[in-house]
Structures are given as structure tokens and as C-alpha cells.
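Student: Protein sequence lines correspond, in order, to chains B and A.
Numbering-wise, our numbering puts 60 at position 60 of the first sequence, and it's gapless, one number per residue.
Adding 1000 to a residue's 1-based position in the second sequence gives its number in our numbering.
Simulated from the structure, these hints should not be mistaken for lab results.
It is possible that some hints are incorrect.
Said to hold, decoys possible - Cβ pair distances, simulated, as ranges:
(1) B:Ile20 with A:Glu1015: 41 to 47 Å
(2) A:Tyr1022 with B:Thr13: 37 to 43 Å
(3) A:Asn1024 with B:Ile60: 21 to 27 Å
(4) A:Tyr1022 with B:Met15: 39 to 45 Å
(5) B:Pro8 with A:Glu1015: 34 to 40 Å
(6) B:Gly72 with A:Thr1096: 24 to 30 Å
(7) A:Leu1058 with B:Arg96: 17 to 23 Å
(8) B:Glu59 with A:Glu1005: 16 to 22 Å
(9) B:Arg80 with A:Arg1060: 32 to 38 Å
Stated by the list, open to error - Residues of chain A placed beyond 10 Å of chain B at every Cβ, according to the derived structure:
(10) Ser1007
(11) Pro1008
(12) Tyr1022
(13) Leu1045
(14) Asp1067
(15) Ala1068
(16) Lys1070
(17) Ser1073
(18) Ala1078
(19) Leu1088
(20) Gln1099
(21) Thr1109
Said to hold, decoys possible - With a straight-line Cα cutoff of 30 Å, these simulated BS3-like cross-link-like pairs (lysine-lysine) come out:
(22) B:Lys78 with A:Lys1057
(23) B:Lys78 with A:Lys1070
(24) B:Lys57 with B:Lys83
(25) A:Lys1070 with B:Lys57
Every residue gets a Cβ at the ideal spot worked out from N, C-alpha and C, and that includes glycine.
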Amino acid sequence: EPEVTQTPSHQVTQMGQEVILRCVPISNHLYFYWYRQILGQKVEFLVSFYNNEISEKSEIFDDQFSVERPDGSNFTLKIRSTKLEDSAMYFCASSRDRGYEQYFGPGTRLTVT
Amino acid sequence: TQLLEQSPQFLSIQEGENLTVYCNSSSVFSSLQWYRQEPGEGPVLLVTVVTGGEVKKLKRLTFQFGDARKDSSLHITAAQPGDTGLYLCAGPSSNTGNQFYFGTGTSLTVIP
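One chain only, chain A, in its complex shape (with noise of 0.2 Å):
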């Protein structure tokens, strides 16, 4: 089994803010997703990075992956209430891939 913790679990922020949720493991992964997740909603998939150091934007978000491929963080510049929800971060299973690790997810809750 592969580990992928996440931090914090829960968040409250206002409106307006800039936020860090991270995701860390003891195992190296080929890549690493991030969904968000709404209650009762399957997740849905954000971005995806495969490189280490990779650094990708989706709009306010900035996703990195660590150089050595075991950790990833989520940057949200500027929260907005639209950005409320679950997040979750996972990872195929390094020895044949057809199994997905999925963390233990952040709940964001951005105040209006």
C-alpha cells in the first residue's frame, strides 16, 4: 500500500485569501492527480503532474510536484467561495499502475 497524507484536514479561510494544501507520501509515484470533490459528487480530476519540480497553473491554482516525486502541493491565490470543497490528491500504484491511491483529502471551506 501507498500512503498519501494530507494537510490540513480541514480548512476555513475568508474570502480573499492565498491557501496551501499538501500531499506527501513515503513512496515515489509516476504522477500524481488532484481532484475536488463537491458532497454527493464524484471527484473531479484538476490536473495531473508527472515530472518532478513540474509546476502547473489552473487559473488562481498552482499545483507542484516535488523533485523527488513523493509529495505534491495545491496553492489557491485569492480563494473564492466557488472554491469550496473537497480535495483530494492520488496516485497510480508504482508497480503495475491499475491501482489508485487516493488520499485522505483537505475540506475547504472559503467564507463569502
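Chain B on its own, in the form it takes in the complex (with noise of 0.2 Å):
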């Protein structure tokens, strides 16, 4: 059965540093989501992406966010410089039609210290 994948599981950044959070959605899917989840509460909408744009975009995604589609498989997510309260569980979900179910990978745990 095919799954959204994630890289690295668990991501250990100093404060002000850049990082990349990797992700491959499930192969014929052409919609593509970041969520976070800050440890003990909701999930929450990022960004989601579309024919290579972004589609919408929530507060939280700021000018140090931004996201890439940079080959035919991978779907990426920039933090440009690491904030303490960027610590959370980033998750990459794909679906294949807009508004339509989507499907969740495990998820990268970033700590920012």
C-alpha cells in the first residue's frame, strides 16, 4: 500500500540554524500539506501546495517557512532560522484531489535548542 514518507524522524537543530524537513507523498497525488503538531495540542494547517504553488498558506507560515517541490518526488519544508517554539512534530500529508482525504507520514520530530 502506498505511504508519504518523512526525513529525518527526529531533527535536533541549534536556535537560528536552517533547516529542511523531507518528504515523499504517495506517487499520484497531486496535493501536498505541511502541519505541525506543538507537543500536547492540535494539529495545525501549514501550507499546502499545488502545480508546483503554493495554494494557501496559514499565519504561522511566515517568511521563514517556505516549501519546495525541487523533483518529481521529493516535497520539502525550509525553516530558514530556528526559533525555541518552532519545536514540534511536522507533519507531510498528500491527497489526491483538493478538499479530498488525506493521507499523513509519521512525521519528523524537530527540537530546536
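Fit the two chains together into the complex; they arrive one by one in their own frames, and the hints show the way.
Tutor: Printed below as a string of C-alpha cells:
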């Protein structure tokens, strides 16, 4: 069964450093998403991506964040200068169609020290 | 923002009992998804409900979408320890469908 994969599973970084989180969505899906979940809190939408451009982003997704689909399979989330409050689980998801059910990856736990 | 409120927030029951958890909103959703999430893992899709009044069954789990498409419920019959987890409802934004809103979650513990 196809699945969304994410790497790394855990990333520790120092405040102010850049991090890139990587995702491989399900191959025939066209819509891609990033979410974050701070420990003990709800899953929060960051950004959606379709046809090589951002289709929607939340208030959380400020200038420190960017997304890219560098090739036909990877989908990345970059945080330019990490802050302590960026520590969270980051989930990638993909769906076949807009507004359709989403399939999530296992997540990357980001710890900013 | 389209808020999804889930209740109860926490639920602890004995194996074999039945339970219902709720997902409510003041907004209309074109569909709602239910996920289960284990600690440290990503949400796993259980079901999507689309039509108002729709009922879907997944083994011992029964999902219902409200007639007005503003709420949904998940009923588990004869709960088992393997049902333990965080149950989340989610739905797409009504204007673009590009953003998904997640509920606050119900943390279920089934005691053997």
C-alpha cells in the first residue's frame, strides 16, 4: 500500500540554524501539505501546495518558512532561522484531489535548542 | 477559521464497553475525515463522510455525518485495548478546500 514517507524522523538543531524537512508524497497524488503539532496540542495547518505553487498558507507560515518540490518525488519544508517555538512534530500529507482525504506521513520531530 | 470541537477530551473505559465521541462545528463542511493518532506518529485515516446523514461502518466503528454537515460522531462497540489512541476529526475549508481544520481530539484509553 502506498504511503507518505518523511525524513529525518528526528532533527535536533540550534536556534538560528536552517533546517530542511523532507517528504515523499504518494506518487499519484497532486496536492501536498505540511502541518505541525506542538506537544499536547492540536494539529495545525501550515501550507498547501499544488501545481508547483503554494495554494494556501496559514498565519504560522511566515517568511521564515518555504516549501519546494525540487523534483518529481520530493516535497520539502525549509525553516530559515529556527526559533525555540518551532519545536514540534511536522507532518507531511498528500491527497489525490483538493479537499479530498489526506494521507499523512509518520512525522519529523524537530527539537530546537 | 472553521473550528471543530471534539468531546469528550479524555475518555477511559473498560474493555468491552461502548462509547461515542463527538465532533461539532458551527460551520458546514463538505466532508469530514476521522483519524486515529498514536503517540509520536502521524494521523492514520479511518474514514471520510461526505453526505449529510451518511453512516459508515468500519468493523466495530460506526461513523455518522450530521444532516446539516456541521457535526459527526464516532461510535465504538465493544472497545478493545487496541482502540486506544487519539481520535481526530478534520475537514476542508469551505471556501477553497486547500486548508484542513483539525479538531481538538479525543484521547481514548481502553483498559484491559
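Student: Now look at each hint and say whether the structure bears it out.
Tutor: To see whether the hints hold, each was checked on the structure:
For Ile20 of chain B paired with Glu1015 of chain A, a C-beta distance near 44 Å keeps the hint of 41 to 47 Å intact. A C-beta distance of roughly 39 Å is found between Tyr1022 of chain A and Thr13 of chain B, which places it inside the suggested range of 37 to 43 Å. A beta carbon spacing of about 24 Å between Asn1024 of chain A and Ile60 of chain B agrees with the range 21 to 27 Å that was offered as a hint. A hinted range of 39 to 45 Å holds for the C-beta pair Tyr1022 of chain A and Met15 of chain B, which are about 40 Å apart.
At roughly 37 Å, the beta-carbon separation of Pro8 of chain B and Glu1015 of chain A lies within the given 34 to 40 Å, and the hint holds. Distance hint check: the CB atoms of Gly72 of chain B and Thr1096 of chain A are about 25 Å apart, consistent with the given range 24 to 30 Å. In this structure, Leu1058 of chain A and Arg96 of chain B meet the distance hint of 17 to 23 Å, their C-beta atoms being roughly 20 Å apart. As the Cβ distance of Glu59 of chain B to Glu1005 of chain A is approximately 20 Å, the hint placing it in 16 to 22 Å holds.
Under the hint 32 to 38 Å, the C-beta atoms of Arg80 of chain B and Arg1060 of chain A, about 47 Å apart, miss the expected range. The beta carbon of Ser1007 of chain A is kept farther than 10 Å from every beta carbon of chain B, the shortest such distance being approximately 14 Å. The beta carbon of Pro1008 of chain A is kept farther than 10 Å from every beta carbon of chain B, the shortest such distance being approximately 15 Å. For Tyr1022 of chain A, the requirement that its beta carbon stay farther than 10 Å from each beta carbon of chain B is met, with the minimum near 16 Å.
Non-interface status of Leu1045 of chain A relative to chain B is broken: a Cβ of that chain comes within 10 Å, the nearest being about 6 Å off. No beta-carbon of chain B comes within 10 Å of the beta-carbon of Asp1067 of chain A; the shortest separation is about 20 Å. Non-interface call for Ala1068 of chain A relative to chain B: holds, since the shortest CB-CB distance, roughly 18 Å, exceeds 10 Å. Lys1070 of chain A, annotated as away from the interface, keeps every beta carbon of chain B farther than 10 Å; the closest lies near 17 Å.
No beta-carbon of chain B is positioned within 10 Å of the beta-carbon of Ser1073 of chain A; the least distance is around 18 Å. Distance check for Ala1078 of chain A against chain B: the nearest CB is about 27 Å away, which clears 10 Å, and the non-interface claim stands. For Leu1088 of chain A, the non-interface assignment is contradicted: its Cβ lies about 7 Å from the closest Cβ of chain B, within the 10 Å cut-off. Gln1099 of chain A, annotated as away from the interface, has a beta carbon of chain B within 10 Å; the closest lies near 5 Å.
Look at Thr1109 of chain A: its CB is around 16 Å from the nearest CB on chain B, clear of 10 Å, so calling it non-interface holds up. Taking the CA atoms of Lys78 of chain B and Lys1057 of chain A, the gap is near 40 Å; set against the 30 Å cutoff, the hint is violated. A distance of roughly 35 Å separates the Cα atoms of Lys78 of chain B and Lys1070 of chain A; the hinted pair therefore is violated under the 30 Å criterion. Proposed proximity of Lys57 of chain B and Lys83 of chain B is supported: the alpha carbons are some 19 Å apart, at most 30 Å.
Simply put, Lys1070 of chain A and Lys57 of chain B have alpha-carbon atoms about 24 Å apart, close enough for the 30 Å limit, and the pair holds.
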